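S.K.: Build out the structure end to end from the sequences listed, making use of the hints.
For the sequence shown, the UniProt record's numbering gives the first residue as 1, with consecutive numbering after it.
Keep in mind that the hints were calculated from the coordinates and are not lab data.
Relax, there's no trap hidden among the hints.
Dumping the calculated DSSO-like pairs for lysine-lysine here, alpha-carbon to alpha-carbon at most 30 Å: (1) Lys44 with Lys310; (2) Lys60 with Lys44; (3) Lys60 with Lys310; (4) Lys235 with Lys252.
If you're wondering where the values come from, they're calculated on a predicted model, not measured in any experiment.
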Amino acid sequence: MPHYLLYCLIPLFAMFFISCEQNNGQLSGFTSPENDSVLIAHIKEPLLTLVDLETNEIQKEIELPFVISDMVYLEHLDTFVIAGQDQTDLFYYDKNIGSFESLVSLEEGINHLYYIPETMELYASNSLYNTLYRILYCDDDTGNIQVEQVDTGEHPGSLTYSRDLDQLFLANVYDHQIEVFDRQSLQQLDAFHVLDRPNGLLVVDNQLFIGGHGTGGDLNREVHIASLPDQEEQKQIETGLMPVFFEYNPSKNHVLVMNHGSHTISQIDLNRMQITAEQDVSFNPYFSSQYQDDYLITTLDGHELIRVDKNTLDLNHSIPVRPGPHSMIILEGTNP
1 MPHYLLYCLI
11 PLFAMFFISC
21 EQNNGQLSGF
31 TSPENDSVLI
41 AHIKEPLLTL
51 VDLETNEIQK
61 EIELPFVISD
71 MVYLEHLDTF
81 VIAGQDQTDL
91 FYYDKNIGSF
101 ESLVSLEEGI
111 NHLYYIPETM
121 ELYASNSLYN
131 TLYRILYCDD
141 DTGNIQVEQV
151 DTGEHPGSLT
161 YSRDLDQLFL
171 ANVYDHQIEV
181 FDRQSLQQLD
191 AFHVLDRPNG
201 LLVVDNQLFI
211 GGHGTGGDLN
221 REVHIASLPD
231 QEEQKQIETG
241 LMPVFFEYNP
251 SKNHVLVMNH
261 GSHTISQIDL
271 NRMQITAEQD
281 VSFNPYFSSQ
291 YQDDYLITTL
301 DGHELIRVDK
311 NTLDLNHSIP
321 VRPGPHSMII
331 LEGTNP
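M.R.: Structure below.
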């Protein structure tokens with residue numbers, strides 16, 4: 001049963017702010033970039049890095065009071081939200097005053113954020129307390145925030161959403177289960193096992209792509225593909241050691257796979273259900289985004305932002321950054 005926390009008492013933009021400025025974490029001088037840029041969160045340092053995508057040069061490094069565990073862009077607020085595993089609050093960036101402000105207070109242990117633009121809902125997985133939170137506006141025209149939470153399996157992480165089924169799929173790493181929730185009620189509908197230590201989920205049409213680590217004696221090398229809504233495994237495609245992140249390219253009907261154990265990326269053509277391109281990259285690719293004709297890839301232990309061609313996966317550019325680059329968001333430039 002979901003639990004409802006009554007945060008509706010405090011309007012979003014009138015709440016008592018806990019600013020990172022008080023901890024020397026203000027983004028001094030950070031404004032909308034002139035050129036299209038990518039903002040990168042680091043998981044090994046309390047740092048954000050801004051890279052200009054026109055020049056492929058670092059424009060700014062921003063020190064923060066804590067290490068970011070995940071970061072997402074909220075379209076309906078035109079801002080981004082960050083979480084830290086040792087922080088109780090989620091923070092959003094207030095462009096008017098140039099600092100992060102408290103969005104809502106939860107519990108420490110947030111390791112994954114997921115945003116659904118159509119419903120304007122933000123989800124947060126808590127691997128310390130085995131909880132999934134949903135953060136949304138109260139439906140009363142006040143701009144207030146409501147938080148709902150539901151208990152999960154052990155160590156929840158990756159989350160994805162099926163629009164056709166209106167269902168959420170959550171990977172629980174340590175009990176080796178994928179949980180299925182009704183989005184509207186947050187009621188658990190099912191839980192099933194595909195592989196040990198699942199990590200990395202993606203829904204494309206009526207298929208659920210599942211990655212993960214496997215166990216120490218039997219490390220996983222396959223992307224597991226289950227049909228929806230019955231969750232029956234239909235196919236396995238060997239991509240590389242420990243595939244943990246997926247990026248869907250709808251224009252080509254391709255899925256990009258990050259294989260963080262073999263330090264490779266693979267491209268699956270969904271029309272043929274086979275690999276059409278592969279590429280070695282620097283150590284531990286773990287996150288991807290898309291910009292024009294490129295995939296942008298961060299490598300946790302290679303300490304790089306990499307740009308590869310969407311069709312061939314050929315390397316176009318690599319940009320050294322400080323240790324542990326992880327999640328990222330694209331920022332549109334102000335230049336016409």
